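Residue numbers (numbering that gives the first Met the number 0), protein chains in the order written: chain P, 0 to 392; chain V, 0 to 396.
Source of the hints: derived by calculation from the structure; they are not laboratory data. A quick note: this is a predicted structure, and the numbers were derived from the prediction, not measured. Note that beta-carbon positions come from the ideal geometry of N, C-alpha and C, so glycine has one too. Each hint should be verified, as a subset may be incorrect.
[To be verified] With a straight-line Cα cutoff of 25 Å, these simulated BS3-like cross-link-like pairs (lysine-lysine) come out: (1) P:320 with V:299; (2) V:311 with P:320; (3) V:288 with P:334; (4) V:299 with V:171; (5) P:306 with V:313; (6) P:131 with V:301; (7) V:288 with P:260; (8) P:220 with P:210; (9) V:171 with P:334; (10) P:260 with V:171; (11) V:313 with P:260; (12) V:301 with V:171.
[Said to hold, decoys possible] DEER-style ranges, computed between Cβ atoms: (13) P:383 with V:292: 50 to 60 Å; (14) P:79 with V:85: 35 to 45 Å; (15) P:272 with V:85: 14 to 24 Å; (16) V:261 with P:70: 34 to 44 Å; (17) V:293 with P:143: 20 to 30 Å; (18) V:315 with P:14: 55 to 65 Å; (19) V:126 with P:337: 33 to 43 Å; (20) V:292 with P:143: 50 to 60 Å; (21) P:257 with V:172: 26 to 36 Å; (22) V:293 with P:81: 32 to 42 Å; (23) P:181 with V:85: 48 to 58 Å; (24) V:157 with P:135: 32 to 42 Å.
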Amino acid sequence: MRKQECIAMLLAGGQGSRLGGLTRIRAKPAVSFCGKYRIIDFTLSNCLNSDINTVGVLIQYKPFLLNSYIGLGSAWDLDNPYGGVHILPPFLGEKEGSWYNGTANAVHQNHEFIDYYDPDYVIILSGDHVYKMDYTRMLKFHKEKNSDVTIATIQVPWEEASRFGILSVDDDKRITKFTEKPSQPDSNLASMGVYIFNWSILKQALIDDAKDSQSQNDFGKNIIPQQLKQGKRVYAYKFQGYWRDVGTIESYYQANMESLKAGHFLNIFDPRFRIFSNEDILPPHFVGSTAEIENSLVCNGCIIHGKVSNSILAFGAYVGKGVEIRDSILLPYAKVHTGSVIRKTIVGENSEIMRRCIVGAEGQSVPNQEGIAVIEDNHIISEGSIIEAGKNA
Amino acid sequence: MKRVRMPKVLRRSFRKVEARMSNAIGIIYANNAADSLQGLALERPIAAVPFGGRYRILDFALSSMVNSGMRTIGLVTPHHYRPLLDHLGAGKAWFLDRKDGGLFILPGVFHGLGGNNHTFCIKDLQNNIEYLEKDFAENVIISSGEQIFNINFKSALEFHNNKHADVTLIYKDMRESDDLTDEMFFEIDKDYKVSKVKVKVNDTQDLKKAKPLRSYFVNILIIRRELLLGIIEKYSSFGCIDLIDILTANLEVLKIYGNPTCSLIGKIRTLKDYFDRSMDLLNLEIRGKLWLGEDRIHTKLKDNPPTQYASKAKVSNSLIASGCTIAGEVVNSIIFRGVILEDGCQIRNSIILPKCHIHANAQTDYAILDKSVTVNGENVLKGSPNNPLVVLKKTVI
Numbered sequence: 000m001r002k003q004e005c006i007a008m009l010l011a012g013g014q015g016s017r018l019g020g021l022t023r024i025r026a027k028p029a030v031s032f033c034g035k036y037r038i039i040d041f042t043l044s045n046c047l048n049s050d051i052n053t054v055g056v057l058i059q060y061k062p063f064l065l066n067s068y069i070g071l072g073s074a075w076d077l078d079n080p081y082g083g084v085h086i087l088p089p090f091l092g093e094k095e096g097s098w099y100n101g102t103a104n105a106v107h108q109n110h111e112f113i114d115y116y117d118p119d120y121v122i123i124l125s126g127d128h129v130y131k132m133d134y135t136r137m138l139k140f141h142k143e144k145n146s147d148v149t150i151a152t153i154q155v156p157w158e159e160a161s162r163f164g165i166l167s168v169d170d171d172k173r174i175t176k177f178t179e180k181p182s183q184p185d186s187n188l189a190s191m192g193v194y195i196f197n198w199s200i201l202k203q204a205l206i207d208d209a210k211d212s213q214s215q216n217d218f219g220k221n222i223i224p225q226q227l228k229q230g231k232r233v234y235a236y237k238f239q240g241y242w243r244d245v246g247t248i249e250s251y252y253q254a255n256m257e258s259l260k261a262g263h264f265l266n267i268f269d270p271r272f273r274i275f276s277n278e279d280i281l282p283p284h285f286v287g288s289t290a291e292i293e294n295s296l297v298c299n300g301c302i303i304h305g306k307v308s309n310s311i312l313a314f315g316a317y318v319g320k321g322v323e324i325r326d327s328i329l330l331p332y333a334k335v336h337t338g339s340v341i342r343k344t345i346v347g348e349n350s351e352i353m354r355r356c357i358v359g360a361e362g363q364s365v366p367n368q369e370g371i372a373v374i375e376d377n378h379i380i381s382e383g384s385i386i387e388a389g390k391n392a
Numbered sequence: 000m001k002r003v004r005m006p007k008v009l010r011r012s013f014r015k016v017e018a019r020m021s022n023a024i025g026i027i028y029a030n031n032a033a034d035s036l037q038g039l040a041l042e043r044p045i046a047a048v049p050f051g052g053r054y055r056i057l058d059f060a061l062s063s064m065v066n067s068g069m070r071t072i073g074l075v076t077p078h079h080y081r082p083l084l085d086h087l088g089a090g091k092a093w094f095l096d097r098k099d100g101g102l103f104i105l106p107g108v109f110h111g112l113g114g115n116n117h118t119f120c121i122k123d124l125q126n127n128i129e130y131l132e133k134d135f136a137e138n139v140i141i142s143s144g145e146q147i148f149n150i151n152f153k154s155a156l157e158f159h160n161n162k163h164a165d166v167t168l169i170y171k172d173m174r175e176s177d178d179l180t181d182e183m184f185f186e187i188d189k190d191y192k193v194s195k196v197k198v199k200v201n202d203t204q205d206l207k208k209a210k211p212l213r214s215y216f217v218n219i220l221i222i223r224r225e226l227l228l229g230i231i232e233k234y235s236s237f238g239c240i241d242l243i244d245i246l247t248a249n250l251e252v253l254k255i256y257g258n259p260t261c262s263l264i265g266k267i268r269t270l271k272d273y274f275d276r277s278m279d280l281l282n283l284e285i286r287g288k289l290w291l292g293e294d295r296i297h298t299k300l301k302d303n304p305p306t307q308y309a310s311k312a313k314v315s316n317s318l319i320a321s322g323c324t325i326a327g328e329v330v331n332s333i334i335f336r337g338v339i340l341e342d343g344c345q346i347r348n349s350i351i352l353p354k355c356h357i358h359a360n361a362q363t364d365y366a367i368l369d370k371s372v373t374v375n376g377e378n379v380l381k382g383s384p385n386n387p388l389v390v391l392k393k394t395v396i
C-alpha cells in the first residue's frame, strides 16, 4: 500500500429501475451503451485518463454481471500494484451489518477502505453518467480555491433545470444555494453528481450524517446541504463538454442516438482521450450482399443481411434477410430474424425477434416514453408478433 | 414466451474445464522472413502479416495452442522482430502473462545470404536450448506460425500419449482442389504409423507419383521433449538442418505416427495464398470453421470505437473491422481496423490493411493496400485475381 493523493469512490449500486427491462438482470452501470461500451466504461476511463489509480466500486443491486465485467480493472489499465479497482459490496461487521442505505451510507460503511489508502481527497463518482472529463483539472481547482467540497457543474437548458440539483454561486464560484430538483429554478447550473471532498471533512460529515435518524443518507439530499449549512467552503467547478445522465429510457435512447451525429461532442474516436472497454473478442462484422447500411454504428461480430438505418448494432448482433431496422439500438448478441421490421426500439441483450414481427408499430393511443419500444434482455418475441411503439416486452 | 438462458458472457466462462495440457509446451516458428508476399513481408515476418480484418497470421497458431490449454509457448523470432513484439507485448491478449510458464521469445538464427528455407530449423532451437531444458513437460508441440488454422490439440496429444509415440505428425487427407506443390506426403499403416515419406512435390509429375500417399503434412508436430533435446545435441554440428529432414531420415529408428485433422489449414507462402485465403473468409462455412466456433481467435486489443457508416455507404459481401469510417462503396473486400473510406470511392475485391485512407472517388480492384496507405482522390488501382496489386506500407498515391 502506498498513500494516495486522491482516490475515487464510484457509486454503482443503484437499481436504475427507470431503465426498465434493461436493468432486470444487471445493474445500470453494466448496461450496454453506444454498441461497444457499457455505461461504467466512461467513468473508469475518466479515472485512468485523470491518473486516478485507486477506485472503490460500491455495488449492491444484481452485481454479478457488473463484477465479472469489471474484473481486476485490467481492461481500463487500472490493475495497479499500488491501488487498483476494488469491488465493495455491503458486508457484515463484528456486531452487525446492513445493506447500503443511500449513497452517503455506502461510502460511510467503507471508511476503513478509504483510510487504508489515507488520501487527502476523495472524489465521488456515479456509474450512470456518460461523459469524458479530466478530473485533475477539477482537483486543481479544488486546491486553488482551498475548498472543502467541490461540486462539478454543467449548464443545462433552463426548461430542464427542474430535473437536476441546481446551484447558485457568487463571483468567486462559491456556492450560495443548493436545491435538489427545484420547481422554480433560479439558476441553470446543475450538479453532475461528481464531488471532490477533503477526506477529513467528508469523514466527519459522514459520521454526523449517520447519527441523524431523519437523514436519507444521500449526497445530494443531505451531505451537500449540511455542508452549506455549516458554512464550509463549497465551490462549483464549471465543466464544459459533453455530459449525459442516462437514467431513463428516453435519455438513454437520446444519448445513444446523438452519437450517430457527425462531429459529436463525446467524440469516442479521439485518440488522446480514449474510452476503454472489456470487450468480447469477436471477428470483424460481416456485411452480406443483400445488406444496406446507412448512418449507423456497427460493432465486431455482427452479421448483417438486412436494411439498417440510423441505428446502433452492438457486438454480436444479427440482422437477417429482409429485415428493416430504423432508429433502433440492438444491444449485444440481439438477433432479428428474416422479415421483421424494427422501428425506434431498444432490443435487449441476447434477445431474439423471430420472423415477420413488427416492433414499434403505430398504435391506437399516444405512445409512452416518446414512442420508444423496449425488448428486455434474454427475451424471445415469437413469430409474427406485433408490438406497438412505446411498449415494453 | 420466456426462456431461461444464461447470458452469453457467462456461458463462455462456464466451458467445461478439462485436464491441463501441462504435459506439452509449444514452439511456434515465426521467423520465415523470405519475402514471397511481394512486399507485405518486406519489413515483417510472414507470421506478423495482418490477416482477416483484425488478426495477424501468427494469432491462429498461438490461439490454437492457448485454446488447447497450453500455458507455455515459445516463439522463434526473426531478426526483424519489432512488428511481432509490438503485436504480442507480454502476451496478455492470449492469457500468456503468467507466473508459471507464459510467452517466451526465442531469438532465431541469422541466416545470412542463404535465407531461411527450413520449416523447423534445429539451430533456432539450439540457440534457445534453456527454454526446452528448464521445463518439465513431457512433449513439445511445434507449429509453423505461417498458416491459418484453428485446431484444438487435445485429441492429438491424447493420441500421441496412447501410442507412446516419439513423434506425431499432424496431417490432412488430400483433396483434388488443394494446391499441393511443395508439400510433404507420407504413407501410414493401419496403426497410423508413418511408413513411407515422399518429401516435397515440386511439379505435377511428382504430384501424380505422390497421389497414392494421400496424406500430407501440415507443419504441426508433437515430439517428446527428451527426444528433441537429444536430436539437438546430436545434430548440433550440422548447423542449419531441418527437424523434418532429421525425422524422415530416422523413420526406421523412431516411432513416428500420423494424426489426421479435418480443420482448415491454409499455408501462406505466396501472395496468391494470402489473397485467396483472405477471400475465403467471405464464405460463411469457412468463417464458421475458423472463428465462429467455441475456440476463439485471440488478438491484440485496440479498443477501437464501432465502425461508422455514413448515409452514402454501400457495402456488400465484405468483412469490416472496428474503428472504420465508411462513406464509399465496398464489394467483396476485407477492411481492417481504422480505415477511412470517403464519399464515392469504390473498393472491390480488395484487402485494405489498418489505417488506410481512401479519398473521394478513388477506386481499387484486386488490390492489397498495406498499412497506412493513402490513396488520393480519383486514383484507380487495378490488379487481377491471379496477381493482385500490392501497395507498400505508408505509400501515398
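Right, here's what the structure says about each hint:
1. For the suggested pair residue 320 of chain P and residue 299 of chain V, the alpha carbons sit about 32 Å apart, so the restraint of at most 25 Å is broken.
2. For the suggested pair residue 311 of chain V and residue 320 of chain P, the alpha carbons sit about 21 Å apart, so the restraint of at most 25 Å is met.
3. For a cut-off of 25 Å, the pair hint linking residue 288 of chain V to residue 334 of chain P stands: about 21 Å separates their Cα positions.
4. A hinted pair counts as satisfied when its Cα atoms are at most 25 Å apart, and residue 299 of chain V with residue 171 of chain V does not qualify at roughly 30 Å.
5. For the proposed pair residue 306 of chain P and residue 313 of chain V, the alpha carbon gap of about 11 Å is at most 25 Å, so the pair holds.
6. For the given pair, residue 131 of chain P sits about 19 Å from residue 301 of chain V by alpha-carbon distance, which is consistent with the 25 Å threshold.
7. The suggested pairing of residue 288 of chain V with residue 260 of chain P is violated, with an alpha-carbon distance near 37 Å, which exceeds 25 Å.
8. In summary, the hint linking residue 220 of chain P to residue 210 of chain P is supported, as the alpha carbons are separated by about 16 Å, within the 25 Å threshold.
9. For the proposed pair residue 171 of chain V and residue 334 of chain P, the alpha carbon gap of about 36 Å is over 25 Å, so the pair is violated.
10. A threshold of 25 Å between alpha carbons decides the hint, and for residue 260 of chain P with residue 171 of chain V the separation of about 51 Å lies outside it, so the pair is violated.
11. Between the alpha carbons of residue 313 of chain V and residue 260 of chain P the distance comes to roughly 19 Å, so the proposed pair stays at or under 25 Å and holds.
12. Distance hint between residue 301 of chain V and residue 171 of chain V is unfulfilled; the C-alpha atoms sit about 35 Å from each other, more than 25 Å.
13. Distance hint check: the CB atoms of residue 383 of chain P and residue 292 of chain V are about 32 Å apart, inconsistent with the given range 50 to 60 Å.
14. Here the CB-CB span from residue 79 of chain P to residue 85 of chain V is close to 23 Å, at odds with the stated 35 to 45 Å.
15. Checked against the given bound of 14 to 24 Å, the beta carbons of residue 272 of chain P and residue 85 of chain V, roughly 23 Å apart, stay inside it.
16. At roughly 36 Å, the beta-carbon separation of residue 261 of chain V and residue 70 of chain P lies within the given 34 to 44 Å, and the hint holds.
17. Here the CB-CB span from residue 293 of chain V to residue 143 of chain P is close to 56 Å, at odds with the stated 20 to 30 Å.
18. Range check, residue 315 of chain V to residue 14 of chain P: Cβ separation about 44 Å, and the 55 to 65 Å hint is violated.
19. About 58 Å separates the C-beta atoms of residue 126 of chain V and residue 337 of chain P, a value inconsistent with the hinted range of 33 to 43 Å.
20. Separated by about 57 Å at the C-beta atoms, residue 292 of chain V and residue 143 of chain P satisfy the suggested range of 50 to 60 Å.
21. For residue 257 of chain P and residue 172 of chain V, the Cβ-Cβ distance of about 56 Å falls outside the hinted range of 26 to 36 Å, so the restraint is violated.
22. Taking 32 to 42 Å as the suggested C-beta distance range, the pair residue 293 of chain V and residue 81 of chain P conforms, at roughly 38 Å.
23. With their beta carbons about 55 Å apart, residue 181 of chain P and residue 85 of chain V fall inside the hinted range of 48 to 58 Å.
24. A hinted range of 32 to 42 Å for the beta carbons of residue 157 of chain V and residue 135 of chain P is inconsistent with their spacing of about 56 Å.
Hint compliance for this structure: hints 1, 4, 7, 9, 10, 12, 13, 14, 17, 18, 19, 21, 24 are not met, and every other hint is.
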